[in-house]
Amino acid sequence: MSCSVEDLVSHITNYSSRKEYTLLNDFMNQHYQLLLKNQSLHDLILEALNVQRHSLGVLHIMAMKASCITSQSSLETVSQLMQQMTVFMSQCCQDQLNLARGCFANIFHHITHLLCERKIPIRGIKLMCLAIDTLQNGEPSSLTSVHADLCQLCLAAKCFKPALKYIDVEISKIDKECGMMTAFHLLSYYYYGGMVYTAMKRYDRALYFYEQAVTCPATMVSMIMTEAYKKYVLVSLILEGKLIPLPRYTSSVTTRWIKNYMTEYQELATEYGKGSATQLNALVSRHNITYTQDHNMGLVKQVAISLDKRNIQKLTKTFITLSLEDVVMRAHLNCNIEQLEKLLLKMIAEKEIFAGIDQQSKMVKFYDNPEQYNSCETLESIDKHVQNFMDIDNKIKEMNQAVMVNPLYLHKVKSSTSPHDEEFEAQLSQTASTSSSSAPRSSALLSKLNMFNK
Amino acid sequence: MENTFTERMQALEERELCSPIGELNAEEYSELLSLYLLTNDPMNAKLLWGRIPTSTKGSSMELKALWEVGKATLQSDQASIYRLVNTFQWSDCIRSNLIKYKEMTCKKYLSLVSYAYTVIEVNKLALLLGLTDIETIELVKRKDWEVSDDQVFVKPKPISGENKPPVDNKEHLARLTRYILFLET
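Those sequence lines, one after another, are chains Z and E. For the first sequence, counting from 1, position 56 maps to 56 in our numbering; every step adds exactly one. For the second sequence, counting from 1, position 110 maps to 1110 in our numbering; every step adds exactly one.
These are computed hints drawn from the structure, not numbers from a lab. Among the clues, some could well be false.
[Stated by the list, open to error] Listed below are the simulated DSSO-like cross-link pairs for lysine-lysine, each with C-alpha atoms no more than 27 Å apart in a straight line:
no.: 1; chain 1: E; residue 1: K1155; chain 2: Z; residue 2: K362
no.: 2; chain 1: Z; residue 1: K351; chain 2: E; residue 2: K1071
no.: 3; chain 1: E; residue 1: K1057; chain 2: Z; residue 2: K346
no.: 4; chain 1: Z; residue 1: K365; chain 2: E; residue 2: K1108
no.: 5; chain 1: E; residue 1: K1057; chain 2: E; residue 2: K1100
no.: 6; chain 1: Z; residue 1: K301; chain 2: Z; residue 2: K274
no.: 7; chain 1: Z; residue 1: K365; chain 2: E; residue 2: K1107
no.: 8; chain 1: Z; residue 1: K242; chain 2: Z; residue 2: K317
no.: 9; chain 1: E; residue 1: K1064; chain 2: Z; residue 2: K119
no.: 10; chain 1: Z; residue 1: K342; chain 2: E; residue 2: K1157
no.: 11; chain 1: Z; residue 1: K351; chain 2: E; residue 2: K1100
no.: 12; chain 1: Z; residue 1: K126; chain 2: Z; residue 2: K173
no.: 13; chain 1: E; residue 1: K1064; chain 2: Z; residue 2: K201
no.: 14; chain 1: E; residue 1: K1046; chain 2: Z; residue 2: K126
no.: 15; chain 1: Z; residue 1: K384; chain 2: Z; residue 2: K165
no.: 16; chain 1: E; residue 1: K1102; chain 2: E; residue 2: K1155
no.: 17; chain 1: Z; residue 1: K126; chain 2: Z; residue 2: K176
no.: 18; chain 1: E; residue 1: K1141; chain 2: Z; residue 2: K365
no.: 19; chain 1: Z; residue 1: K242; chain 2: Z; residue 2: K301
no.: 20; chain 1: Z; residue 1: K119; chain 2: E; residue 2: K1057
no.: 21; chain 1: Z; residue 1: K317; chain 2: Z; residue 2: K362
no.: 22; chain 1: Z; residue 1: K342; chain 2: E; residue 2: K1100
no.: 23; chain 1: Z; residue 1: K412; chain 2: Z; residue 2: K395
no.: 24; chain 1: E; residue 1: K1143; chain 2: Z; residue 2: K158
no.: 25; chain 1: E; residue 1: K1170; chain 2: Z; residue 2: K384
no.: 26; chain 1: E; residue 1: K1143; chain 2: Z; residue 2: K346
[As the list claims (entries may be wrong)] Okay, the calculated bits of chain Z under chain E, using three or more residues with CB under 8 Å as the criterion:
no.: 27; stretch: 123 to 129
no.: 28; stretch: 236 to 246
Ideal Cβ positions, reconstructed from N, Cα and C, are used throughout, including at glycine.
Let the sequences and hints guide you as you build the complete structure.
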């Protein structure tokens, strides 16, 4: 094939006018290397094409253009690519885009890499948000590979609010992106997402995200999983005061790796459990280099602070009144009375303890939790949780329905049982009863069953 | 009022992300920083300071002073908060935000002291509230708190929180009906 602008444009327009988008996709993939070498043609081809009618062709050319941008390219080139992608996303045809989702996502991976190299990550955040919205196409619980890029840029730019909007949504679907979504993107999403939550001190969500990264089914341990495990240990100690064991479904290869190679962090968890701040600080000094190289020193310091708070909290279970000096001694704190008072005031403000300080007699009185759970706030909190459960239940019902009418599932059910089998009939009646609320779906199921029976 | 601050904050954040170079000017950074403090979000204030370019930080005395207020907030150094807010020559927009922030901090610590302390020294309370000793004694007397004869110690009384309006009965019934429907089906 000759590589002239007219030939390429005519191929793209002909395939697009006949709506043979799959053929166009194959054509562009086959001639990828040839087109990649002719960088000078890219802008000319783009000028001749219409974004809305020839979205697929434009997307492939944009992908080639993006691949040609390197670390040595000028900043204007990168900015121009970003502007062109913004215009593309506002005008493209979604049906054509769906045939090359992986190619589309790859452009943003490359842009993320370029921006991070040039230390200007904030400029790409808005673009990544637009890309995620385009790929999700109205399904906010769908995970794309661009989620990880957004989290990475937000972490580099120290601007977390745009990422929170996407990572606060529970994932119920993973976009395959035409086979280009890999474990790397999934692990990166959970690892970077966990780091965003850790920076915002939302340790419960951070722990969940790190756990997801570590418990991903694996036959080999990846670096992302090891780094996620290190942060999992530290966040677990800060949040729960102990190392929460990993679930039983964690891969055995991961469990063995942790046992053999994560000794510094296991020792930290063991020492934390003993409750001595002095010993903990000694251990931190011993493994200072490891924690610093892992960029976890900040979190380790927070672990040490959380141990002081836990020791104070333990005292509230044993004593009703204590002098401030006794608190310092019994909680093994390394501070004076004024610093202790400041710490106690902070803990009382954050409702970590319930106490009253008497400055005249230098005593502190510990109270029980005064919460009666009979206020409007409690009602609103319960309502929010119940609403959450209801939404999750609806989602599970929808997913169940989708599996029930899936031809692969029906084939497996039919092949594992005979049509006259009682079990099969019971399964069928169960299917009919669960899908009784959605008549169209049950009739689709029955028609598929009829198809198999013929 | 809070909605206005939140809307303005969101507008400035959006402007920062949409700008071609991903930056605001010094006045906009100052306003955003003051809004983070006002909406009780010192964490985002710290992150904002971390991403402001060094050249912008160096060019604006007001921005630097505002960060000192933010730093004092993070370190729970109330005395420094009040001192900095009172002494620096703020621009009009920032001054109005910081005056509200000062009042908010004073109210917050008065409420905290009411349940965190059984007895507190007057001068320490004055530091937390940003008032003189005499002003502090007058304030606590109005709140019906007990002051010792030598006017050195104060015994706080718990301040009842603002009561939220009770839930409307019809809405409550609708909510319960939704729960029952969900549990039954």
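Now the hints, each set against the structure:
1. K1155(E) with K362(Z): Cα-Cα ~14 Å, so holds.
2. K351(Z) with K1071(E): Cα-Cα ~23 Å, so holds.
3. K1057(E) with K346(Z): violated (30 Å)
4. K365(Z) with K1108(E): Between K365(Z) and K1108(E) the Cα gap is close to 22 Å, so the pair holds against 27 Å.
5. K1057(E) with K1100(E): With Cα atoms ~24 Å apart, K1057(E) and K1100(E) stay inside 27 Å; holds.
6. K301(Z) with K274(Z): holds (17 Å)
7. K365(Z) with K1107(E): holds (24 Å)
8. K242(Z) with K317(Z): holds (18 Å)
9. K1064(E) with K119(Z): Distance ~23 Å between K1064(E) and K119(Z) Cα, so the pair holds.
10. K342(Z) with K1157(E): holds (20 Å)
11. K351(Z) with K1100(E): holds (25 Å)
12. K126(Z) with K173(Z): holds (23 Å)
13. K1064(E) with K201(Z): Within the cut-off at roughly 25 Å; holds.
14. K1046(E) with K126(Z): Since the Cα atoms of K1046(E) and K126(Z) sit roughly 21 Å apart, the hinted pair holds (cutoff 27 Å).
15. K384(Z) with K165(Z): Since the Cα atoms of K384(Z) and K165(Z) sit roughly 18 Å apart, the hinted pair holds (cutoff 27 Å).
16. K1102(E) with K1155(E): Given that 27 Å is the threshold and the Cα spacing comes to 24 Å, the pair holds.
17. K126(Z) with K176(Z): Satisfied, since the Cα-Cα distance of roughly 23 Å is no more than 27 Å.
18. K1141(E) with K365(Z): Roughly 24 Å separates the two Cα atoms, so the pair holds.
19. K242(Z) with K301(Z): holds (16 Å)
20. K119(Z) with K1057(E): holds (18 Å)
21. K317(Z) with K362(Z): holds (20 Å)
22. K342(Z) with K1100(E): This hinted pair holds, its Cα atoms lying about 24 Å apart.
23. K412(Z) with K395(Z): holds (24 Å)
24. K1143(E) with K158(Z): Not satisfied, since the Cα-Cα distance of roughly 43 Å exceeds 27 Å.
25. K1170(E) with K384(Z): holds (18 Å)
26. K1143(E) with K346(Z): Holds, at roughly 23 Å.
27. 123 to 129: Answer holds; 3 residues pass the 8 Å Cβ test.
28. 236 to 246: Since 0 is below three, the answer is violated.
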